[in-house]
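Colleague: So the chains spell out like this:
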Amino acid sequence: MADARTFVSRRAGLRLWLSGGWLVLLTLAAVLAPFVSPQDPLAQDLFAARLPPFWQAGAEAGFPLGSDSLGRDVLSRIIYGARVALIVAVIAGTLTCLIGATLGLVAGYFGGWPDLVISRLVDIWMAFPPVLFAILLIAVLGTGLSSIIIAIVVIDWTRFARVVRAEAMRQAAMDYVASAQVAGRSRAGTMLREILPNVLPTILVLLTLEMGIAVIVEAILSFVNLSISTDQPTWGGMIAEGRLSIYQAWWVLVFPLVALFLTVLSFSQLGEGLKDRFDPVLR
Amino acid sequence: MSDMIYRIRDLRLDFPDMTRKPLFGPAPRIEVLKGLGFDIPRGDVVGIVGSSGSGKSTLGRAMLRLLEPSHGSILFEGRDITHLPESALRPLRRKFQMIFQDPMSSLNPRLTVGTIIAGPLRLHGFDDLGRRVGRALDHVGLPEAMRHRYPHELSGGQRQRVGIARAIALEPDFILADEIVSGLDVSSQAQVLNLLETLVRELGLTLAFISHDLSVIRRLCKRVIVLHRGEIVETGDTAAVFRAPKAACTRELIEAIPLPDPNQTWA
Ligand SMILES: Nc1ncnc2c1ncn2[C@@H]1O[C@H](COP(=O)(O)OP(=O)(O)OP(=O)(O)O)[C@@H](O)[C@H]1O
Ligand SMILES: [Mg+2]
Numbered sequence: 024m025a026d027a028r029t030f031v032s033r034r035a036g037l038r039l040w041l042s043g044g045w046l047v048l049l050t051l052a053a054v055l056a057p058f059v060s061p062q063d064p065l066a067q068d069l070f071a072a073r074l075p076p077f078w079q080a081g082a083e084a085g086f087p088l089g090s091d092s093l094g095r096d097v098l099s100r101i102i103y104g105a106r107v108a109l110i111v112a113v114i115a116g117t118l119t120c121l122i123g124a125t126l127g128l129v130a131g132y133f134g135g136w137p138d139l140v141i142s143r144l145v146d147i148w149m150a151f152p153p154v155l156f157a158i159l160l161i162a163v164l165g166t167g168l169s170s171i172i173i174a175i176v177v178i179d180w181t182r183f184a185r186v187v188r189a190e191a192m193r194q195a196a197m198d199y200v201a202s203a204q205v206a207g208r209s210r211a212g213t214m215l216r217e218i219l220p221n222v223l224p225t226i227l228v229l230l231t232l233e234m235g236i237a238v239i240v241e242a243i244l245s246f247v248n249l250s251i252s253t254d255q256p257t258w259g260g261m262i263a264e265g266r267l268s269i270y271q272a273w274w275v276l277v278f279p280l281v282a283l284f285l286t287v288l289s290f291s292q293l294g295e296g297l298k299d300r301f302d303p304v305l306r
Numbered sequence: 071m072s073d074m075i076y077r078i079r080d081l082r083l084d085f086p087d088m089t090r091k092p093l094f095g096p097a098p099r100i101e102v103l104k105g106l107g108f109d110i111p112r113g114d115v116v117g118i119v120g121s122s123g124s125g126k127s128t129l130g131r132a133m134l135r136l137l138e139p140s141h142g143s144i145l146f147e148g149r150d151i152t153h154l155p156e157s158a159l160r161p162l163r164r165k166f167q168m169i170f171q172d173p174m175s176s177l178n179p180r181l182t183v184g185t186i187i188a189g190p191l192r193l194h195g196f197d198d199l200g201r202r203v204g205r206a207l208d209h210v211g212l213p214e215a216m217r218h219r220y221p222h223e224l225s226g227g228q229r230q231r232v233g234i235a236r237a238i239a240l241e242p243d244f245i246l247a248d249e250i251v252s253g254l255d256v257s258s259q260a261q262v263l264n265l266l267e268t269l270v271r272e273l274g275l276t277l278a279f280i281s282h283d284l285s286v287i288r289r290l291c292k293r294v295i296v297l298h299r300g301e302i303v304e305t306g307d308t309a310a311v312f313r314a315p316k317a318a319c320t321r322e323l324i325e326a327i328p329l330p331d332p333n334q335t336w337a
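In order, the protein sequences belong to chains S and X.
Residues 24 to 306 (our numbering) make up the first sequence, in order.
Residues 71 to 337 (our numbering) make up the second sequence, in order.
Hints are supplied without guarantee of correctness; some may be wrong.
[Claimed, not checked] Each pair of labels, with its calculated beta carbon distance range: (1) X:Pro98 with S:Gly165: 50 to 58 Å; (2) S:Leu41 with X:Ser121: 54 to 62 Å; (3) X:Asp87 with S:Val304: 32 to 40 Å; (4) X:Glu223 with S:Gly165: 52 to 60 Å; (5) S:Ile158 with X:Pro86: 43 to 51 Å; (6) X:Pro98 with S:Val304: 36 to 44 Å; (7) S:Leu41 with X:His218: 26 to 34 Å.
For the record, the hints were derived by calculation from the structure and aren't laboratory data.
The C-beta atom is built at its ideal place from N, Cα and C for all residues, glycine as well.
With the rest of the complex left out, here is chain X:
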């Protein structure tokens, strides 16, 4: 097994631009990812930051092969998955999982929490589903009894934990987390981040964490990739990037972090 989880070279992806589609003929393409290259070693926690529309989610969905790149290559554990058809991807899918931004929309509202977590396990031929579901719930700090609840009966933070439980239950090699705390209030945010930190430590997860909030990245990630308009403008150690940001847009993102004002008082 290779100890590079991902090896990405010159990754390009374009969408048809429907706003400029002529009456007849195909729409012109608009390039959203413009030749990205980076590696993710096993055990790494990588932050992917960038302003809105910089292509973070598109990159994530391409890495999980929810989208097919138009150019370049994605090697997952040494295997080229760039253009693999869905049928060939399916057995591999257990190994790369995703936690979605909006847990309300990413959990099927008609299924109980237990069914939601057990479904993917059953697809990949796991046995002893009941116990595995229980363990996954335990890992994310939800009581066993939650398995009989429906998603709409949970709080936002609890829902996001169910999303995490579903991903880790499959014992994947890699997890992508796309803006998973941006929909939560501050205290649930902190709890979910703590949980993720613990899971990374305990399970040795390899994680890519997408966010537009650098303060979250600084806490969680060793390494950071800064995206701007579909290109990588900066990459390196999180601490180093914070100390001496090279690109202008990185500086902007750092300045956007609200600093506690020492002069402010409660009075």
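Bound conformation, chain S alone:
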């Protein structure tokens, strides 16, 4: 039993370190982009077009991950693209979480007419196909960072609302909630101080998952050119461009894909890892 526990916690620890490490690294690079990126991400230099990454013959110093067909540095563009990805992840993820989790918590704990109203709203909302919904929203709002964020929040709050509602309902049936009433705690106090701490691990996992989803959605929208203006580097935009020259310069496609993959994976693993690490009940 003790062995199994240490095994689980060690594995959870490794997961936490790897995913957290990548996200910290990415965040630092994004914040310090002007200082750490080797080149101006927009500077074109046709004489330095399609340079291969550093380990291949013909590579040039200053272009560690190679350059694209316009001679722009791939690494610098990835770093600046991380800015957009992380801003969308953090802001859209947090807003989605706040709105969805609050509604879910209220519906699940209070029941009655608040639950009826919120649940019906969720049902109606989920009847819209999400991709169509997103493209429609962007068409109405116009492209831009805030449009992407609004589209993600508007579409995905139902995920939080549904899961948190179910969990809050399960918790509300426990005797510790009755016991809070016996102690004279108000309804709102019980929701915030008794139920919320018990729903928080679920919320945390959903939040990091949502951040990963936000990164993907941003990448998809910039891939189809519905994201921010085309001259700013985004991972989705890089992938779209790299696709055209895959046989001549695979690195233009592959490196942003790897960055995207690692980031999305890290977000989902971070939530699970944090839950395993800091949940007193599992510890």
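Given the structure of chain S, go ahead and fit chain X with the ligands onto it with the hints provided.
Modeller: Chain X with the ligands only, in chain S's frame:
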């Protein structure tokens, strides 16, 4: 102050019967408590027994106003609490406390034992929380260091002691204990019962003890109320009820007590 802690008259309570709910319109009501009346004087230890589904827990939850009766009246220390709204009940709640059957579910798993006991104290404006928590733990025979533990780190018996500590820390006038030993093994059962006996003696508690096990009631309670299908079928001195049970279901409950068989040997 009245020396009747509880005065209960013609208490009725019904639930909607969802199994017979028509497609449209309200579900028919099913009456679970069918007009109960009894008094609990200050300092009394009353047993409430009855078979499963007889309405014991429902009665307890109505007495604590976790449920609202549909009819009749509940006077607590002379004050009518039958239909008081939650906001008016809240300041009174310190005076009537409850110990729950399942301590795993009745202790918030994310809070430490210290926080669990201190929470209600803070709500009712007690000062000197640290010392009060320490004293409550001491009363139930748990070491001071337990306050930093989480419920899942304790044994079943220890958890139930935390539930008792939380209730007595508020210095209530009345405590309801709903089947508090039925989830424990025999030796923890005996320990928790001993503890309760001691606390009743030392703190002068008024206690209602719900159980389906008459042997536990016989040990602890002066008086007993026997419930059957939401009605009181028998009430009186525990010893007298044991000697000459009037109702058939009381006799059944008494017969259900395992008697030590003098003919049995270990060989
Ligand atoms: N919320 C509810 N809705 C509908 N019926 C209920 C509800 N709570 C209890 N009942 C019914 O009321 C009756 C009495 O239940 P109660 O829990 O009070 O019994 P009990 O005497 O405590 O039994 P046990 O010894 O099994 O705990 C049961 O028939 C039960 O099905
Ligand atoms: Mg019961």
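Colleague: Check each numbered hint against the structure and report the violated ones by number, ascending.
Modeller: none
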